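Required output: the full structure, derived from the provided sequences and hints.
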Amino acid sequence: MRRSFRILIALLPNLLIVFLAGCACASTFLIILPNLQQKISEDSFFLQAMIYLIYAICALTFALYLWCWVTAVVVDPGSVIEDLKRKGVYGQIQKGQIPHCLKHLKICPICNVPVPNGTVHCDSCECCMLRCDHHCPIIAQCVADRNMKSFCLSFFYASIFLLFSETCGIYYLFLCKDNLFNIKNIVLMIVILYEVIGTVSLISFIVSILCNMPESGVKILPRSIRFHKFLKSFGKNWYSRMLPIANNTTLLAWPGVSWYNDEEP
Numbered sequence: 003m004r005r006s007f008r009i010l011i012a013l014l015p016n017l018l019i020v021f022l023a024g025c026a027c028a029s030t031f032l033i034i035l036p037n038l039q040q041k042i043s044e045d046s047f048f049l050q051a052m053i054y055l056i057y058a059i060c061a062l063t064f065a066l067y068l069w070c071w072v073t074a075v076v077v078d079p080g081s082v083i084e085d086l087k088r089k090g091v092y093g094q095i096q097k098g099q100i101p102h103c104l105k106h107l108k109i110c111p112i113c114n115v116p117v118p119n120g121t122v123h124c125d126s127c128e129c130c131m132l133r134c135d136h137h138c139p140i141i142a143q144c145v146a147d148r149n150m151k152s153f154c155l156s157f158f159y160a161s162i163f164l165l166f167s168e169t170c171g172i173y174y175l176f177l178c179k180d181n182l183f184n185i186k187n188i189v190l191m192i193v194i195l196y197e198v199i200g201t202v203s204l205i206s207f208i209v210s211i212l213c214n215m216p217e218s219g220v221k222i223l224p225r226s227i228r229f230h231k232f233l234k235s236f237g238k239n240w241y242s243r244m245l246p247i248a249n250n251t252t253l254l255a256w257p258g259v260s261w262y263n264d265e266e267p
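Count along the sequence shown starting at 1, add 2, and that's the number in the numbering used here.
Where hints are given, some of them may not hold.
[To be verified] Below are the DSS-like pairs computed for lysine-lysine, each with C-alpha atoms no more than 27 angstroms apart in a straight line:
#1 LYS97 <-> LYS87
#2 LYS108 <-> LYS89
#3 LYS108 <-> LYS87
#4 LYS87 <-> LYS231
#5 LYS231 <-> LYS89
#6 LYS231 <-> LYS108
In short, the hints are calculated from the structure, not lab data. Only a predicted model underlies this, so the values are computations on that prediction, with no experimental measurement involved.
Next comes the structure, spelled out in structure tokens:
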């Protein structure tokens with residue numbers, strides 16, 4: 003019941019996100035690309051092929067953006083209790099029998115479970131979150147270990163989509179430089195300005211994430227090593243890193259814990 007209520011609360015601020023994304027999608031597929039396609043000479047096979055390729059890229063990146071954003075909103079961000087349940091040790095901990103691999107960890111006085119470095123107890127989510135970066139009011143839950151990849155990828159794909167869209171729009175305005183200030187082109191300028199502002203905002207947020215690179219509270223490692231470990235947490239290969247799939251917590255979620263070696267010394 004609480005989970006359903008949280009999803010409902012998350013949908014309310016996301017109406018704004020849906021509206022802005024819908025405006026960007028409509029302006030791209032109904033205004034910018036059709037006008038550019040009409041402007042380009044049909045004799046130019048290469049340019050016509052490029053337009054269809056850009057249509058495909060924009061459609062793909064927008065679909066991936068939606069997938070990533072919805073995943074970030076609805077998936078469990080990285081609750082310690084839920085992860086302990088998945089690992090089958092939560093019932094044991096409730097009985098006071100803490101597994102040997104977790105005995106060196108501190109105990110959250112509110113959740114009464116052992117928590118690793120980088121874990122934060124979120125008052126809004128009412129639980130401890132593994133590798134927690136921050137509580138996002140837009141998605142109405144934390145950005146933590148299990149939804150961090152989908153959250154970051156949503157900004158990445160949205161940036162690519164907007165970059166292609168506004169580049170095509172600017173190129174169209176360049177082709178119309180002799181008749182630049184008619185009503186249609188002025189509307190197009192406003193649309194492109196809106197997309198440029200959105201792109202700058204998204205890229206700035208991505209840069210801020212990369213500069214902080216949340217990694218279980220480990221801030222003493224060189225930035226290049228932290229970036230490599232942060233990227234590795236997205237997946238083992240390039241396609242798993244590009245899709246918002248996170249069925250389990252990452253290797254960075256439980257630093258200093260060996261789940262496969264729980265024998266008493």
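So, going through the hints one by one against the coordinates:
{"no.": "1", "hint": "LYS97 <-> LYS87", "result": "holds (14 angstroms)"}
{"no.": "2", "hint": "LYS108 <-> LYS89", "result": "holds (19 angstroms)"}
{"no.": "3", "hint": "LYS108 <-> LYS87", "result": "holds (18 angstroms)"}
{"no.": "4", "hint": "LYS87 <-> LYS231", "result": "holds (26 angstroms)"}
{"no.": "5", "hint": "LYS231 <-> LYS89", "result": "holds (23 angstroms)"}
{"no.": "6", "hint": "LYS231 <-> LYS108", "result": "holds (24 angstroms)"}
This entry satisfies every hint, going by the numbered hints stated previously.
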